[in-house]
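Engineer: Each chain, written out:
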Amino acid sequence: MDFEFSDDQQQLRDAVRKWVDRSYDFDKRRAITRAGGFDRNVYTELAGLGLTGLYVSEDDGGMGMGPVEGMVVMEELGRGMVHEPIAQSLIAGGVLSGYAGADLKAAWLPRIAGNEALVVLAYVERKARWKLDVCETQAQQAGGGWTVSGAKSVVTAGDQADAFLVPAIAGGKMALFLVERSAAGVSANGYLTIDGGRAAEVKFANSPATLVTTDGLAALQHAVDIGIAALCAETVGVMDKTVDLTVEYMNTRKQFGVTLSTFQALRHRVADMKMQLELARSMSYYASLKLNAPAEERRRAMSRAKYQLGNSARFISQASVQLHGGIGVTEEYIGSHYFKKLTQVELTFGDTLHHLGEVSAHMQDTAGVFA
Amino acid sequence: MDFEFSDDQQQLRDAVRKWVDRSYDFDKRRAITRAGGFDRNVYTELAGLGLTGLYVSEDDGGMGMGPVEGMVVMEELGRGMVHEPIAQSLIAGGVLSGYAGADLKAAWLPRIAGNEALVVLAYVERKARWKLDVCETQAQQAGGGWTVSGAKSVVTAGDQADAFLVPAIAGGKMALFLVERSAAGVSANGYLTIDGGRAAEVKFANSPATLVTTDGLAALQHAVDIGIAALCAETVGVMDKTVDLTVEYMNTRKQFGVTLSTFQALRHRVADMKMQLELARSMSYYASLKLNAPAEERRRAMSRAKYQLGNSARFISQASVQLHGGIGVTEEYIGSHYFKKLTQVELTFGDTLHHLGEVSAHMQDTAGVFA
Amino acid sequence: MDLAFTPEEQKFREDIRAWVHENLPKDISHKVHNSLHLSRDDMQRWAKILGKKGWLGYGWPKEFGGPGWNAVQKHLFEEELALAGAPRVVPFGPVMVAPVIMAFGNAEQQKRFLPGIASGEVWWSQGYSEPGSGSDLASLKTRAERKGDKYIVNGQKTWTTLAQYGEWIFCLVRTSTEGKPQTGISFLLIDMKSPGVTVRPIIMLDGGHEVNEVFFDNVEVPAENLIGEENKGWTYAKHLLSHERTNIADVNRAKRELERLKRIAKAEGVYDDMRFRDEIAKLEVDVVALEMLVLRVLSAEKSGKNSLDIAGLLKIRGSEIQQRYSELMMLACGPYAVPFIREAMEAGWQGEYVGAAHCAPLAATYFNMRKTTIYGGSNEVQRNIVAQTVLG
Amino acid sequence: MDLAFTPEEQKFREDIRAWVHENLPKDISHKVHNSLHLSRDDMQRWAKILGKKGWLGYGWPKEFGGPGWNAVQKHLFEEELALAGAPRVVPFGPVMVAPVIMAFGNAEQQKRFLPGIASGEVWWSQGYSEPGSGSDLASLKTRAERKGDKYIVNGQKTWTTLAQYGEWIFCLVRTSTEGKPQTGISFLLIDMKSPGVTVRPIIMLDGGHEVNEVFFDNVEVPAENLIGEENKGWTYAKHLLSHERTNIADVNRAKRELERLKRIAKAEGVYDDMRFRDEIAKLEVDVVALEMLVLRVLSAEKSGKNSLDIAGLLKIRGSEIQQRYSELMMLACGPYAVPFIREAMEAGWQGEYVGAAHCAPLAATYFNMRKTTIYGGSNEVQRNIVAQTVLG
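Protein chains in written order, with UniProt numbering: chain A, 1 to 371; chain B, 1 to 371; chain C, 1 to 392; chain D, 1 to 392.
These aren't lab readings, by the way, just hints derived from the structure by calculation. Note that the coordinates shown come from a computational prediction; the quantities given were computed from them, not determined experimentally. A hint or two may mislead.
Reference listing, derived: stretches of chain D covered by chain B, where coverage requires no fewer than 3 residues with Cβ under 8 Å from a Cβ of chain B [stated by the list, open to error]:
id	segment
1	20 to 33
2	182 to 191
3	269 to 279
4	348 to 356
Subject to a maximum C-alpha distance of 30 Å in a straight line, what follows is the list of computed DSBU-like cross-link-like pairs (lysine-lysine) [said to hold, decoys possible]:
id	chain 1	residue 1	chain 2	residue 2
5	D	K74	D	K111
6	A	K18	D	K305
7	C	K266	C	K302
8	A	K131	D	K282
9	C	K238	C	K74
10	A	K203	C	K266
11	C	K111	C	K147
12	D	K282	A	K241
13	D	K150	B	K127
14	D	K11	D	K26
15	D	K11	D	K302
16	D	K282	B	K131
17	D	K147	D	K180
18	C	K266	D	K111
19	D	K238	A	K131
20	C	K282	A	K127
21	A	K127	D	K141
22	D	K266	D	K74
23	C	K232	C	K62
24	B	K241	C	K302
25	D	K150	D	K193
26	C	K266	A	K131
27	D	K305	D	K48
28	D	K266	C	K282
29	C	K147	C	K74
Note that the Cβ used here is the ideal one computed from N, Cα and C, for glycine as well.
Build the full structure now, drawing on both the sequences and the hints.
Structural biologist: Now the structure itself:
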């Protein structure tokens, strides 16, 4: 039982934080949003730091690191609200490493780690909402290969990615495929998301696809769990900064001749924010430390974590805006963007009610971290 | 649309309040609890005020009044936390008036109004929890009459009452019966309740019974709804007094050289208590004003009201104790008894989660008071 | 005690409903029912329709050309408009400045300003808040110096709603720095076309342009535009606030939006998910309780017996409910609330909606609703007020 | 980073578990597992068993005869005891006064008092709070006047837990009224059999006798019972508070009680009611999050690197969770939580339970748990402290 970061992990954190401070200030981020919410050059810089290959083995050109390093990186990216989706690289690296055959790994993992390929998970469907086992996208065997047909929604950077991880029904059972964006029949209709990042509606019409695994549901669940752990860590970073901003504002802004931080009712709200932050940070640790656990235990842990993070994000985001007053609801103030980012967290990888349902459905007789 | 009380209603309120102030102070109440939680002499005094016959027609010796008068009375009894169960007389008066045949009415309504008979609803069963349509008590036709067999729980003043209204299954369908406590096979095992009042486990073994109505479920639902409206009003009275006590204490008790009412965080808690009180009062009005509505509309209104009252009671009771600090958790302080009373409210006629379920199950497309 | 409206009140409601059905343009109500962007033209078109009927100043007494309705009638009018999907009456002219002009303006001012307000011709803005004066309004600094028959105004107002359309603005300005801050404030009407007035947009977190900064740089204002006496402006402004009562609860809109929430939840398939449905059920009770609270205030006003001093509660609860329904609508759409396509929030967009058309504006509305617990006296200030009435 | 305990820590845990299984009397754990009334004999019997093993002072360093465990070991020990249904160690002797005597007492005092504490022979009480000094402890008024080689003590303490069993009491007393209130306070050990000491019960809202008023009427206390220097008592008391860290979260008990809640919910048939089950699920996450928070503090202590100053958060969250599980157990029983039969809350009652035996003490426990957000520094005071660390 040990929650201290190693020197290597601390150095990784410092490196990412330094990059964010130097290369991704609010103006830069805003410019990227204006230009569409994604910047390939930035993504290339992040790849240069090794972040795209964090979960890719060193043999395949990656860093061969684990969930704790992923957490450290995502926390720092969260503090800077970096649009470019490193979490997707963690998913792609983790899932391909865990489920793909040797050829597929050899073909794609080095490209992911080396920034030649941005591979993103395309799994949301209109009828599925947050359910992972509802899938209308179909896969057909054709000649020696496969094609997929269907539509996936709100695919992160979907019109900028090079390839997609696509769950589809093959022979009545969910399998996972890799489809290149340049493949025939693929169309991607991109748009801004509420946090100022980018996503797309992606359609596949008999598009050539490569089978990753026939054990598609397990792979998809794993992919989403990697995403949840990364998102939890990112959210901790976002909230950490949100609390900092709020504290700074309250110690500066005067009303009735004194700073806002003088008012006890507001002070107690800040104490509650701190509570939610530390509970969330604790559960983010928990999620990352359970990411390599057996599937059932892992899934239970991710739902618990996402439930806590959702509650914390809601409280902190809403309290922060309220404590700021008018300035908190303006576009020009950075705080409102943290609010929007935290709103998007709730709408990603299952909302709080969904994960409450998962926790509720999978409760055991025992209780606690080690139960 | 008018929420003003008539002069008669105001006089009724004044009369009950005057009686409470004069005849039911904290010491008196405490003595009644020590003696078992029920005092027939007190009940007789209340009957003398006409309260036991509020819902009994003037022809039958009652006051022939309606839900608003019932509400006014219950609010005042709530302020004094009067143990003696006038709500049960409202139920018995209302249900017998509405469902019983002429003979039964003639036999019992004058006795209820005249305090010769305390008739209480005995409906809770071990397997039913809050469900009204679960009933294991059986009725058998025997000769020209009926007998019932079964067990009912937490019957208000069950070992002091003269007769019970008992739902039982007759020929596969719920019917409602009247059973005298003196009847053969009736046993009542009494005890104190958490609010210091009295209840009993009542068992019936082939006990002679009089049929009130074969439409037993409708009558039971109506009985419980009369009880809910009365309980809501009573709860408003309890909470009103709870808020008063809290305000008084905060304006007296000093810490750090100033009164508690100086601290903004505590002041805001009081503002939230006031909010919950006024929302609850509004919904209590709503419940009483809907008590004579058609069954479906009436039941929907009662669940909405009980849900609000439950939430308000929980918040106000817990906040009040907390704002009092140590003194708030002592037996000698009256405030802790208000807390216990409000706890019992939650456990009577369906708890907050139960009524949320009812609201949820019976939602309509439209919204609001008039929907 | 009676929950039902009187036959006369029912008749009144039906007359209003029929008139609204006849006169509210369908393109406008479509936008309101779907949270789509309302243009200046939309708002003013509706204002003029009301003005022509004599109902834009629906709260005005007969002596000033209003309908002379009582509190219940005003409520029924607001309710019918809200349920039908009418835009909210932009309050700055008919609801805010007009009562002040009626109560404290002179005959000349009344003659000059009220007709343009009643007809919907002249767009008014409200100049209260300043960058340093939010909750602490009395600390405002915008100066108005008397020079002969003019005031010279310098300073800045902020959070000025829809000032980009404004033709006139009523301002609280500082005319004296002596005594308590409240005592040196005057109430001034300013033509926004005057030289030295500059309006700069503030873009909100939902991307919308709803509020502004308004700068005054040596703006000359004829002294005849002063309402009442110099340094008495705070009193007038407080009078104005006392005219805003049940309406701040916005319960009629809440009823409309709760119905919309149910429609969206059904379309998204979550109405039958017990967990989500329960959240709607909770809000259902919240709305009923708020409406009962509003009706109690109205009843007290109608009877003239005991006034119910719970405006603070109405503001707090009403705003919380607005925020909650906007949040639940967004959550109902789940991942489909994530796209933020501004054009899709305009009526008549020909693009391909992500998920469904109803999903498009929901996150923006949720963002926009954050303001409701901040403006008009933040909920923290309201809690201070409520606590004061309870605790002293 | 690693969630798992080390093999050494696991071994430690298993050893404790085996010992507890062997030595904890079953009649006592039965009472704890079912919230039944614990007598003085129950508590002291268990204290002496621990004392004999040398574990009553489980937080003590080796030099004073303790096991010299680190923070993690202490946590594991507490956890195993809690999960097995051991009564909480009555803290006033071994956890509260002993560390003060070790740190600030002289050798004579250590020799005189520590053995009786370690063995569980002598029952200690804590004399801090006074009727006028709750959250504002430093305003305490109980006077101790030095007269030769004695102090004459006059005044009153209150909320004195289990003082009806107390043989000794450690008190904060005022020895000076000069300077700040904190500077005139001394730390005095008082034999409760001294003439002039009177203990009066305070009955709590659950009907239980758990706390008392303690009156001092010209009580003579030998000056040798003063700990450290006169007027430095506040410093010692604060030192004592800093010894209470993760334990205030009471997370181990919360785990035990959450499991009990699930058993009760199953027995009552509400575990499969989604609405009720969701409430348990929320608490499940709350408990995991609290445990992670506790483990983070332990890890920081173990590593000695960055200490985590979040004791206030542990107190707030821990107490909220205690209140919540007690509330949910009560709600699980529904109407069957209404009877309040004191005898049914004692072990071995031969009467007829209403509903089921597990229902009998639940409302009383819910009532009793209200204290947890009040005592040990109310949650409002804790929020003040947390805000201070965050905002300055």
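Engineer: So, for every hint listed, does it hold in this structure?
Structural biologist: Going down the list of hints, with the structure as the test:
| no. | hint | result |
| --- | --- | --- |
| 1 | 20 to 33 | violated (count 0) |
| 2 | 182 to 191 | violated (count 0) |
| 3 | 269 to 279 | holds (count 5) |
| 4 | 348 to 356 | holds (count 3) |
| 5 | D:K74 / D:K111 | holds, 24 Å |
| 6 | A:K18 / D:K305 | holds, 23 Å |
| 7 | C:K266 / C:K302 | violated, 39 Å |
| 8 | A:K131 / D:K282 | holds, 20 Å |
| 9 | C:K238 / C:K74 | holds, 21 Å |
| 10 | A:K203 / C:K266 | holds, 26 Å |
| 11 | C:K111 / C:K147 | holds, 25 Å |
| 12 | D:K282 / A:K241 | holds, 26 Å |
| 13 | D:K150 / B:K127 | violated, 67 Å |
| 14 | D:K11 / D:K26 | holds, 24 Å |
| 15 | D:K11 / D:K302 | holds, 17 Å |
| 16 | D:K282 / B:K131 | holds, 25 Å |
| 17 | D:K147 / D:K180 | holds, 24 Å |
| 18 | C:K266 / D:K111 | violated, 75 Å |
| 19 | D:K238 / A:K131 | violated, 53 Å |
| 20 | C:K282 / A:K127 | holds, 26 Å |
| 21 | A:K127 / D:K141 | violated, 69 Å |
| 22 | D:K266 / D:K74 | violated, 33 Å |
| 23 | C:K232 / C:K62 | holds, 27 Å |
| 24 | B:K241 / C:K302 | holds, 28 Å |
| 25 | D:K150 / D:K193 | holds, 16 Å |
| 26 | C:K266 / A:K131 | holds, 17 Å |
| 27 | D:K305 / D:K48 | violated, 37 Å |
| 28 | D:K266 / C:K282 | holds, 26 Å |
| 29 | C:K147 / C:K74 | violated, 43 Å |
Checked against the numbered hints above, the structure breaks hints 1, 2, 7, 13, 18, 19, 21, 22, 27 and 29 and satisfies the rest.
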